[in-house]
Structure formats: structure tokens, C-alpha cells
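As they're listed, the protein sequences go chains A and B. Letter 45 of the first sequence, counting from 1, is numbered 45 in our numbering, and no numbers are missing. Letter 158 of the second sequence, counting from 1, is numbered 158 in our numbering, and no numbers are missing.
Careful, some of the hints might be misleading.
Since copy identity is lost for identical chains, a pair holds within one copy or between any two.
[What the hints assert, rightly or not] With a straight-line Cα cutoff of 30 Å, these simulated DSSO-like cross-link-like pairs (lysine-lysine) come out:
{"#": "1", "residue 1": "K59", "residue 2": "K70"}
{"#": "2", "residue 1": "K245", "residue 2": "K206"}
{"#": "3", "residue 1": "K158", "residue 2": "K205"}
{"#": "4", "residue 1": "K59", "residue 2": "K132"}
{"#": "5", "residue 1": "K59", "residue 2": "K202"}
{"#": "6", "residue 1": "K224", "residue 2": "K3"}
{"#": "7", "residue 1": "K224", "residue 2": "K5"}
{"#": "8", "residue 1": "K59", "residue 2": "K262"}
{"#": "9", "residue 1": "K5", "residue 2": "K245"}
{"#": "10", "residue 1": "K224", "residue 2": "K25"}
{"#": "11", "residue 1": "K245", "residue 2": "K262"}
{"#": "12", "residue 1": "K179", "residue 2": "K5"}
{"#": "13", "residue 1": "K3", "residue 2": "K245"}
{"#": "14", "residue 1": "K205", "residue 2": "K2"}
{"#": "15", "residue 1": "K210", "residue 2": "K25"}
{"#": "16", "residue 1": "K132", "residue 2": "K206"}
{"#": "17", "residue 1": "K245", "residue 2": "K233"}
Hint data in this document are derived by calculation from the structure and do not stem from the laboratory.
There are 2 protein chains.
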Amino acid sequence: MKKLKSHKTFNGKTEFWSHESRVTKTEMKFSTFIPEGDVEGCIIWLSGLTCTDENFITKAGAQKALGKRKLMVICPDTSPRGLNLPGEHDSYDFGSGASFYVNATTPGYADHYKMYDYVVDELYEIIQNTFKVKNISITGHSMGGHGALVIGLRNPEKFKAVSAFSPIVNPMVSPWGIKALNGYLGENKDAWKTYDATELIKAGKKHPGKILITQGLSDEFLEKDLLTENFVKAATAAEQDHAVKYCEGFDHSYYFIATFIKEHIKHHEGLLTS
Amino acid sequence: MKKLKSHKTFNGKTEFWSHESRVTKTEMKFSTFIPEGDVEGCIIWLSGLTCTDENFITKAGAQKALGKRKLMVICPDTSPRGLNLPGEHDSYDFGSGASFYVNATTPGYADHYKMYDYVVDELYEIIQNTFKVKNISITGHSMGGHGALVIGLRNPEKFKAVSAFSPIVNPMVSPWGIKALNGYLGENKDAWKTYDATELIKAGKKHPGKILITQGLSDEFLEKDLLTENFVKAATAAEQDHAVKYCEGFDHSYYFIATFIKEHIKHHEGLLTS
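Whenever a hint applies, use it, and build me the whole structure from the sequences.
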């Protein structure tokens, strides 16, 4: 584990790290904010398309609210880097910066794009073993909101709280999702379902905590790619506890995230430290 | 005035603008955060070397504290753009992104690099006439902290409050400052003194408000380029009211600014609305 940069921030440190990942077989980067003193829990933040480990930690303004609550955050990069797989760098919504947090099975991608295992196993172990924090939860934005919902629903015992900003809740029927799932998993729709929050709920997956979703109503991607109501319908039918907050006038940007991040941190705090 | 982007943020809007400047004779960009409802004052934020109109508004996390206090902020770009003056793009600390907020007199630069007048006159008028806000104050970071101190001390009637993060307080004896002042003003040291906060204080310039400076003690530029104590000595001798807060462990980054921006906003609020 290499510490690349460290910046004192409020009552803690914002830091940037790299390490050789056993899962992706590449160097992986992540950022952290860790308050001074005892840390009571860790929120994993998964970023959206085109992002890196830097977007959330520089733009969301989460450090103050985290520090007050003795919580750390860890923000992994959004895909492996430094490879040259077929088509990997051709578009913003597939390949580098666009892993969709799946375990890819298609040629080339299958060897490295194992971001589901990277988050669920390797990053999880780093939090527990390197940073010595046991209570872990997960959230994210857009593609990362999708990742948080999928990972939380499939691993309710590991992730004590789940939330999402502007998540792609039903990627099987979203243009972004269809392109990514096809590229990483091929044409087998049964495989796609294991990475689709709405389909997971329909198949009986549940999380014991209330799932919090915050969604801007002026989000340009809401109707075509995010499809929030598909999740709401499935969660309501399956009696998965959930709360969706629609926010008038807010878009898909980090200004939206910055406005509501404290509400999510409070939500995680309640479940992480109970 | 063209509005380029608008993002709802807390109880207001973060927006990006461009306009044809009569002073720089180029297109100039700036960003704003404007809370809903009546606005009681406007803080001008001047950014540091290599920055644009985007750094503060995306990284400082100031919107919440501004909105609560009915204050707007306006963040101009750090230099004219779109020119190709001799040496303009050769280094990070001179030319584009590095105006030092002076009125240049050297060939080529004299025609466009009039950032002092741009801020003191043109931007000031935009705030009063376009945004209809009368009470105006100024702050900034590093090169922008230098700009804020110089502009505030030379125009105490126009700028009701002055503060700075990690300012270059005595550019005449700082390597960054010497390079810039020489490049924009030539060798005439008397001209340099009119853009040096410490020299302005020594020459009798004063601001009626308390000048607040916040400075990280782990700032790598403190000893060679910022030279905070030179200002403290001059201000103390001249009985210029001032407060310098040294912050253990903090560096020159926006993480430092984010940590203390609320204190500066409160400082400005007190003087802007009194």
C-alpha cells in the first residue's frame, strides 16, 4: 500500500493511495478521509461514469460531516487502469472509468474487470485489516449508485447500510446498462440480472436496513437511464424498506451530491454504529 | 453576459458565466453561487496560480455557509485567455492562469492583462448592476490572497471586508512575485510596491476592517513565497487591525480552504452587513 498524498482536512486527513490488486491484477487507486482518533465505521463510495478516486473526495464536501461522526470514507477508482483491452478507451460509458462494478466474463475483460470482487472482497479486507475498521457500508452515485445497490443487496451481512444518489436502478433496460452488461457479460441475460438492483429485489434479495435513494428531478438521465420508479415498484412489492427522496430542481452533478451528502452520512451512521 | 451552466446547490444556484470584457479585451469567465431570495452581500474570491473560475466553486464547499447568510460569491478566472503573448503559456507561474491581479505595462501584456482594473471596476460593476448587490468584499488564496489584500488595501471604500488564505503577502521579495512583477511591470520597483500588500501597509494604506489571514503551517510555500510574518510586522507597526490564524498540519490545498472557509464567510458577513 503506497500513500501518494496526504492533506489535513477538518479533524482528519484526506489521503490518496495505490496498491497492487490481486483481483484486478493491476495497480488500483483509492482515496480516503479518516478522522483522528477512533473510527466507528467506514462508508465505501462508488463513483459514476468517467470518474476516478478523486471526484468525491474533492467535490462532495463530506469530510466535516464524516469527521464529526467518527466515520471514514474510502473511494475506489471506477475501473482498472493501464490496460489496452479491445474497445476499452473508445467511449465514456464502457471500459476505463466505466466498470459498472461487475465481474466481467468477456474475453480480455474477464482477466481484469473484476470490480465486484474488488469492492466486496479486496477493498473490504483492506478496510478491516489495514484501516482496522469493522463496520462497513456502501453508497455511490449514478453507475456507482447502481454498484452500491447491487453490492448491498447481494451482501447484506457485510454492508450494514446501503444508499445511493441518482442510481441506475435497472440497468437491463437502460441504454447505459445494456451497453455495459453486454460488453462485460455477453448476451446471457441471466447473468445481467445478478447485477441489476431491481431484478435482485424481484428475485427475493433483501437488505435489513432501509435503503435510501436521493434523486434530482432535473436530472437529465432520470427518464432514460436511471429509472428510479422501477426500483420503487419492486421494493414496494417485495416489502424492502426504502425511502426515495426526489429533489425539485436538482441535476446529476456533484453540486446535488454536496447538498444532500450529510443526510446520507447520517443514514449510514445510524446503521453503522447501531 | 452568457450563462454557460446552472446547478441547483443547497438553497441557491452555482452558475458559470462568460462575457466580453471591456478591460481585458478578451472573453472572461467567472462562476457564482447565488442563494434564493434577497442577497445581502457579495464576496469576490480570487484564485491562485494555475486555477480557473472553477476551482473554488467546485472544491471549497462554501455554498451552504453562504446560502445560510444570504451571501453570494463570484469567482473570476485568474487571467485573460485565448491570447498568445510572448511567454504566456511557458510556465505555471507567469502568463495564463497567473495574472497576479496587476495592470500590466509590459509589451503585449499591457493590452490585456489588466486584472486589477477588471476586478476593481468591471467585475465590481457587474455585481452591482447585473446582480444588484451593493455590499462587496474580497478574499482569495495564494496569488489570489495577494490580490485580495492589495485590492482591499487600495480600495477600502469599495471593499467592506478583506481576508486571505495563504496569501503571497510580500511579492517583491518572493520568487513567484519577483518573476511576475518583473514580467508584467518591468524593472521599476516603485510600480511593484503598488501591488505588494506589505509595502502598501508600510506606505500608509489601511483598511478600516480587521484583515483576516489563515495560513497552514505545513504549507510548502510558506517560507519562501508567502512570507506571512512580513505582513504581520508591517500591520502591527502601522496599527492595521489584523488577525492571522496559523493552522498546525494544514497545507496549501483546497482541503485547507474547505476546512476554514466558514470562518472567513462569517468574518465577511460581519463587515458586509453591518
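Consistency of the hints with the structure:
1. In this homomeric assembly, K59 and K70 come within 30 Å of each other (Cα to Cα) both inside a single copy, at 20 Å, and across copies, at 22 Å.
2. Proximity of K245 to K206 under the C-alpha cut-off of 30 Å is restricted to the intra-copy arrangement: shortest distance 20 Å within a copy versus 51 Å between copies.
3. When the C-alpha separation of K158 and K205 is checked against a cutoff of 30 Å, the pair qualifies only within one copy, where the shortest distance is 14 Å, while the shortest distance between copies is 63 Å.
4. Proximity of K59 and K132 under a CA criterion of 30 Å is satisfied in both settings, with 26 Å inside one chain copy and 29 Å between copies.
5. Proximity of K59 and K202 under a CA criterion of 30 Å is satisfied in neither setting, with 35 Å inside one chain copy and 40 Å between copies.
6. In this assembly of identical chains, the alpha carbons of K224 and K3 lie at most 30 Å apart only when taken from different copies (26 Å versus 40 Å within one copy).
7. Within a single copy, K224 and K5 get their C-alpha atoms only as close as 39 Å, which misses the 30 Å cut-off; across copies the closest is 22 Å, which meets it.
8. Taking the shortest Cα distances, K59 and K262 sit within 30 Å of each other both inside one copy (13 Å) and across copies (16 Å).
9. In this homomeric assembly, K5 and K245 come within 30 Å of each other (Cα to Cα) only across copies, at 24 Å, whereas the closest approach inside a single copy is 36 Å.
10. With identical chains, the CA atoms of K224 and K25 are never at most 30 Å apart, being 34 Å at best within one copy and 43 Å at best between copies.
11. Proximity of K245 and K262 under a CA criterion of 30 Å is satisfied in both settings, with 14 Å inside one chain copy and 28 Å between copies.
12. For the identical chains of this complex, K179 and K5 are inter-copy neighbours only, at 28 Å across copies versus 35 Å inside a copy, given an alpha-carbon limit of 30 Å.
13. In the homo-oligomer, the alpha carbons of K3 and K245 lie at most 30 Å apart only across protomers (29 Å), although the nearest pairing inside one protomer, at 37 Å, exceeds that limit.
14. Taking CA atoms no more than 30 Å apart as the test, K205 paired with K2 passes in neither setting, with 37 Å inside one copy and 49 Å between copies.
15. Taking the shortest alpha-carbon separations for K210 and K25, neither the intra-copy value of 35 Å nor the inter-copy value of 56 Å comes in at or below 30 Å.
16. Taking the shortest alpha-carbon separations for K132 and K206, only the intra-copy value of 27 Å comes in at or below 30 Å, while the best inter-copy value is 53 Å.
17. For the identical chains of this complex, K245 and K233 are intra-copy neighbours only, at 15 Å inside a copy versus 54 Å across copies, given an alpha-carbon limit of 30 Å.
Comparing the model with each numbered hint stated earlier shows that hints 5, 10, 14 and 15 do not hold.
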